[in-house]
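Novice: Each chain is listed here by its residues.
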Amino acid sequence: MTFLIENISVLVVIVPLMSAPICVIVRNGNFAWAWATIVAFITFALSVMMLGHVMESGTILYKMGNWDAPWGIVYRVDPLGAFVIVIVSAIAAVVFPYAKQSIEKEIPKERHYLVYCMLLLCMAGLIGMAVTGDAFNLFVFLEVSSLSTYVLISLGNDRRALTASLRYLILGTLGATFYVIGLGMVYMMTGSLNMTDLAHLLPAVQNTGTIHVALAFIVVGFGLKMAMFPLHVWLPNAYTYAPSAVTSFLASTATKVAVYALIRLLFTVFGDVDPLETYGVRNSVMVLAIAGMFAGSIVAIYQDNVKRLFAYSSVAQVGYMILGMSIGNAPALAGGIIHMFNHALTKGALFMAMGCVYYVIGSVKIEDMSGLAKRMPMTSAAILAGGLSLIGVPLTVGFISKFYLVQGALAAGMWPIALLIMLSSLLAVIYVWRIVEVMYFRTPAIGQEQYSEAPLSLLVPTYIMLAAVFWFGITASYTGDVAMSAAQTLLGGSQ
Amino acid sequence: MIDYSFPGLFNYWIVFLLMMIGFYIVIAHENLIKKIVGLNVFQVSVFILYISMAKIKGGTAPIIADGINVYSNPLPHVLILTAIVVGVATTALGLALVVRIQESFGTIEDDEVREIEEREE
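Which chain is which? The protein sequence lines are F and Z, in order.
Residues in the first sequence are numbered consecutively from 1078, following this note's numbering.
Residues in the second sequence are numbered consecutively from 689, following this note's numbering.
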């Protein structure tokens, strides 16, 4: 037991990382699925244990090879990191069981084992980003997750998945390279890559041009990875044409972890500099966040492909997270953090429901979904419930995060921002209503009236995710406490 | 005062020249292979950035021996070894995707691919 606790921060990365090649060695789709699912469950159990440990006895510090920081690489897990790891592994533990039937339908049999190998690698990379305390190690894990993401997207059965993947590869690599450029400049000025060490060294050089340029490179680099408006162009097609299970996993984890990485860099590494204030960019970040919230939602209203509609809505939701970051007081930052979790659940459930739709009717176009409620009542109800959470109706998780954000905006005396948050939620009402109207109030096309619900192996994980949406919407105290404690730890660094 | 005179900081001039060439190719060229190669040039410029900053005039490899007092910093070299591996993997994956795009679209010109895609909408 002590062995487990001592090494837990490494185990959450190593377990999925080492399991991935086994899928390729065995080369059997069914085995790979069972294996990946078991690994996801184990990782989830470990990460929940780790979160409990961090909340109880504080930050975990693990020295790789027993080399002291700042010479060696350390893994450092604080409440925020542990929380993000729980998000990733929880989503994996729900999506992987779901993936089997969905992937059997969408991907040729001989490629199945590769999908699970890549899913495990992607998961390892994302968890690694949240666990590491070394800025260059962050880049390595970023690329582990990105490269597997490109492969996963290209596996979609539409040929446009290939171009979506390639365009994401080009922009994603530019983003990651921007980060490396920025980091190189930081290293030039400080001679360190350890995040805690950097936090002490940076204030002395904060007014040099090199650090200004470095920070710009870093923010734009991660802005690309997290689909911050207007750097989001890769996202809609990537999410639309990726296999359904892959979209559910990526939409709920990949952008969130990139948001986490930026929060980590701005509030821990640059924590003592307080870059938003020092460089006077708070307002411009806020404007970008709000522009993203509105542009994403408005474009979403006009989409005919429902998967793409939800993808644009993701762009808007990333805007809320950045907004929480830019307001910069504890409730708003907690709102941004909690929205990472809440949006992961909501979008996970919605994309899984869209996977059910695709499984049965073979299309995700809105005109093909007319009268869907008569044919697939369970799936339609799931989309409706997920849509309510997207809007932010009370009792769903979407309400909780918007509540925190509005509270933060009001506490900072920015009531127009609070008003804009409400307004952009109204836009969500429009695009969710469009889908609901088509599903519930139109008659199915002739010859398609028969009842044909998605199989249980798809519905059950979807409903588990939905149950979480409501569970954490009604009893918000635990996630709220974790997010508040994470936000206070982060802001404590800047005082 | 920073010395902006040409070729004062020759390596850095080259780094940013290469960086902009690579970036320009990625943005401006329609041919997907050229885009991937441009991306590669862009990445390589960053490798040179790291290697250049590690170099100290008169410095040698970091070994303990008599008469050697000035060392070049070995860490950026190691970092860039990792980045090179990442770059190779990215290029390989990118080119593999281009092959599959050629197989299913019959072209690797981005504008033609986009045209075909728009017709499918």
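Where hints are given, some of them may not hold.
Unchecked claim - With a Cα cut of at most 16 angstroms, we get these calculated EDC-like pairs of lysine to aspartate or glutamate:
1. Z:Lys722 x Z:Glu797
2. F:Lys1182 x F:Asp1235
3. F:Lys1140 x F:Glu1181
4. Z:Lys722 x Z:Asp799
5. F:Lys1442 x Z:Glu809
6. F:Lys1442 x Z:Asp799
Stated by the list, open to error - Some chain Z residues judged to face chain F by a derived CB distance under 7 angstroms, without partners named:
7. Tyr738
8. Ile739
9. Glu805
What the hints assert, rightly or not - With beta-carbon atoms standing in for the labels, derived distance ranges:
10. Z:Thr795 x F:Glu1187: 48 to 54 angstroms
11. Z:Tyr700 x F:Val1087: 33 to 39 angstroms
12. Z:Asn761 x F:Gly1357: 49 to 55 angstroms
13. F:Val1087 x Z:Thr770: 49 to 55 angstroms
14. F:Gly1357 x Z:Gly794: 48 to 54 angstroms
15. F:Thr1136 x Z:Ala777: 52 to 58 angstroms
16. Z:Thr795 x F:Lys1442: 41 to 47 angstroms
Just so you know, the hints here were simulated from the structure itself, not pulled from any lab data.
Positions of the beta carbon are idealized from the N, C-alpha and C atoms, including for glycine.
Novice: If a hint holds in the structure, say so; if it doesn't, say that too.
Specialist: Verification of the supplied hints:
Taking the CA atoms of Lys722 of chain Z and Glu797 of chain Z, the gap is near 10 angstroms; set against the 16 angstroms cutoff, the hint holds. Taken as a hint, the Lys1182 of chain F and Asp1235 of chain F pair is honoured in the structure, with Cα atoms around 13 angstroms apart against an allowance of 16 angstroms. About 42 angstroms separates the Cα atoms of Lys1140 of chain F and Glu1181 of chain F, which puts this hinted pair outside 16 angstroms; it is violated. Taking the CA atoms of Lys722 of chain Z and Asp799 of chain Z, the gap is near 13 angstroms; set against the 16 angstroms cutoff, the hint holds.
For the hint linking Lys1442 of chain F to Glu809 of chain Z, the alpha-carbon distance of about 11 angstroms falls within 16 angstroms, and the restraint holds. With a C-alpha separation of about 25 angstroms, the suggested pair Lys1442 of chain F and Asp799 of chain Z falls outside the 16 angstroms cut-off, and the hint is violated. The closest approach between the C-beta of Tyr738 of chain Z and any C-beta of chain F is roughly 5 angstroms, which is under the 7 angstroms cut-off, so the hint is satisfied. The interface hint given for Ile739 of chain Z is violated, since its Cβ lies 10 angstroms from the closest Cβ of chain F, which is over the 7 angstroms cut-off.
Checking Glu805 of chain Z against chain F by beta carbon gives a least distance of about 6 angstroms; that is within 7 angstroms, so the hint holds. Range check, Thr795 of chain Z to Glu1187 of chain F: Cβ separation about 27 angstroms, and the 48 to 54 angstroms hint is violated. Look at Tyr700 of chain Z against Val1087 of chain F: about 38 angstroms separates their beta carbons, and that is inside 33 to 39 angstroms. For Asn761 of chain Z and Gly1357 of chain F, the hinted distance range of 49 to 55 angstroms is not satisfied, since their beta carbons lie about 34 angstroms from each other.
Distance hint for Val1087 of chain F and Thr770 of chain Z: a CB-CB separation of about 19 angstroms, inconsistent with the stated range 49 to 55 angstroms. For the pair Gly1357 of chain F and Gly794 of chain Z, the supplied restraint of 48 to 54 angstroms holds, since their beta-carbon distance comes to about 51 angstroms. Look at Thr1136 of chain F against Ala777 of chain Z: about 33 angstroms separates their beta carbons, and that is not inside 52 to 58 angstroms. Range check, Thr795 of chain Z to Lys1442 of chain F: Cβ separation about 26 angstroms, and the 41 to 47 angstroms hint is violated.
Violated hints, listed in ascending order, are 3, 6, 8, 10, 12, 13, 15 and 16; each of the other numbered hints is respected by the structure.
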